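S.K.: Residue numbers (the numbering used here), protein chains in the order written: chain A, 3 to 113; chain B, 0 to 243.
Because the hints were derived from the structure by calculation, they are not lab data. Please read all numbers here as calculations on a predicted model, not as lab measurements. A hint or two may mislead.
[Claimed, not checked] List of simulated lysine to aspartate or glutamate pairs, EDC-like, C-alpha gap at most 20 Å: (1) B:K40 to A:E17; (2) B:K30 to A:E110; (3) B:K55 to B:E238; (4) B:K30 to A:E57.
[Stated by the list, open to error] Ranges between beta-carbon positions, derived for each pair: (5) A:A49 to B:Q94: 14 to 20 Å; (6) A:S100 to B:P27: 30 to 36 Å; (7) A:R60 to B:G242: 50 to 56 Å; (8) B:N56 to A:R83: 36 to 42 Å; (9) A:I98 to B:L51: 28 to 34 Å.
Where a beta carbon is used, it is the ideal one built from N, C-alpha and C, also for glycine.
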Amino acid sequence: MHEMALTQGIVDICEQNAGGHPITTVVVSIGALSGVVPEALEFCFEACSAGTLLEGARLRIELVPGRACCQECQSEQPMERLFDPCSQCGSFLMQIISGQDMRVREIEVED
Amino acid sequence: MCTTCGCSSTPGHHHHGDEGHSHEHHHPLKKIVIEEDILAKNNRLAAFNRALFKEKNILVLNLVSSPGSGKTTLLERTLRDLSPRYRCAVIEGDQQTDNDARRIAATGVPVKQINTGAGCHLDAHMVMHATESFDLDNLDILFIENVGNLVCPAAFDLGEAHKVVVLSVTEGEDKPLKYPQMFHNSDLMLLNKVDLLPHLTFDVAQCKEYAARVSHDLRILEVSASTGQGLDDWYGWLEQELGK
Ligand SMILES: Nc1nc2c(ncn2[C@@H]2O[C@H](COP(=O)(O)OP(=O)(O)O)[C@@H](O)[C@H]2O)c(=O)[nH]1
Ligand SMILES: [Mg+2]
Ligand SMILES: [Zn+2]
Chain A
3 MHEMALTQGI
13 VDICEQNAGG
23 HPITTVVVSI
33 GALSGVVPEA
43 LEFCFEACSA
53 GTLLEGARLR
63 IELVPGRACC
73 QECQSEQPME
83 RLFDPCSQCG
93 SFLMQIISGQ
103 DMRVREIEVE
113 D
Chain B
0 MCTTCGCSST
10 PGHHHHGDEG
20 HSHEHHHPLK
30 KIVIEEDILA
40 KNNRLAAFNR
50 ALFKEKNILV
60 LNLVSSPGSG
70 KTTLLERTLR
80 DLSPRYRCAV
90 IEGDQQTDND
100 ARRIAATGVP
110 VKQINTGAGC
120 HLDAHMVMHA
130 TESFDLDNLD
140 ILFIENVGNL
150 VCPAAFDLGE
160 AHKVVVLSVT
170 EGEDKPLKYP
180 QMFHNSDLML
190 LNKVDLLPHL
200 TFDVAQCKEY
210 AARVSHDLRI
220 LEVSASTGQG
230 LDDWYGWLEQ
240 ELGK
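The whole structure should be built from the sequences, with the hints applied where relevant.
M.R.: Here it is, written out as structure tokens:
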């Protein structure tokens with residue numbers, strides 16, 4: 003359950019950027035191949051935000067679909083799960099292009 | 000206070016006092032764009048560790064596996080075999096108990112136990128503070144035994160030179176497919192407990208093929224921490240890495 007540590011990371015980043023203002027919304031993007039379960043983040047968010055500038059804030063999660071490029075046949079394609087083989091040639095030599103990141107995108111604060 | 004990470008070295012220091020704000024009345028809202036990686040702080044501290052280890056010329060290995068694959072047994076044996084030649088130290092990560100640290104201490108090698116409590120992995124911050132108890136100027140190899148878990152430790156860089164994944168033959172040959180990220184992130188796989196192969200249906204070739212699918216340049220060594228079989232290959236690998 004490293005979602006707890008990741009959520010703590012989200013809270014820290016938000017607090018550092020909020021200039022002391024109460025935060026009403028936080029937008030995070032989670033890659034489909036990052037290994038993170040969005041429901042678990044939501045679950046941890048309530049616990050981690052209690053007593054911080056984020057208390058009561060809304061957590062918005064944007065899911066970024068996975069994409070990869072096959073190193074053998076060069077075809078670019080969606081990747082549902084990490085290390086799925088190439089849908090064209092079956093190769094496992096897949097270079098991931100997107101879907102592994104986890105970012106805090108923006109926050110909305112009371113001014 | 001810690002000057003590198005700004006922490007007070009006490010747990011729970013992240014919780015600032017509640018400013019007592021209320022969301023009842025209307026405030027104008029302001030949008031602040033951040034775009035920061037959630038693991039950025041861990042990655043920063045890992046980079047700090049890595050730079051320190053490089054400066055001190057220490058080979059640091061992060062041992063990862065599921066519980067019971069034989070990490071501590073392998074370390075005990077390795078330390079007994081190598082410690083006349085190399086100066087070693089160990090960081091032990093477990094949720095609870097200092098059992099493993101006591102096993103390591105019995106070999107005469109300096110060891111620091113980290114108990115993560117509910118935490119399922121070590122992070123760079125814990126390792127940073129754990130290394131404070133070692134004489135880094137007189138160290139060749141630092142082994143970090145991570146919390147037994149094939150999932151979470153994959154996400155947290157500690158500043159190590161290599162992740163070494165230990166898989167034992169009693170766990171099934173398809174573990175690399177079930178927990179691909181961990182095998183992908185590792186540079187060496189130690190297939191442990193090969194002394195038990197005669198009693199099992201474990202297919203070594205199949206396991207290696209699965210591992211190669213998720214990690215194309217993974218080195219794989221077959222070892223037994225109990226009988227010592229294959230350990231010379233492991234020591235050879237260590238020697239080669241020390242020479243780099
Ligand atoms: N047969 C056999 N048993 C082993 C081997 N390595 C470890 N074990 C046993 O596996 C169990 C778990 O080992 P331990 O080192 O505590 O695993 P850890 O949780 O990964 O640190 C212990 O009972 C060990 O004696 C091995 O190479 N062969
Ligand atoms: Mg152990
Ligand atoms: Zn292809």
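S.K.: Hint by hint, say whether it matches the structure.
M.R.: Evaluation of the provided hints:
1. B:K40 to A:E17: 14 Å, holds
2. B:K30 to A:E110: Given that 20 Å is the threshold and the Cα spacing comes to 4 Å, the pair holds.
3. B:K55 to B:E238: 17 Å, holds
4. B:K30 to A:E57: Holds: K30 (chain B) and E57 (chain A) sit about 17 Å apart, inside 20 Å.
5. A:A49 to B:Q94: 14 to 20 Å: Roughly 18 Å apart at Cβ, these two residues keep to the hinted range, so it holds.
6. A:S100 to B:P27: 30 to 36 Å: 35 Å, holds
7. A:R60 to B:G242: 50 to 56 Å: 54 Å, holds
8. B:N56 to A:R83: 36 to 42 Å: Hint holds: Cβ distance 40 Å, inside 36 to 42 Å.
9. A:I98 to B:L51: 28 to 34 Å: With Cβ atoms ~30 Å apart, the hint holds.
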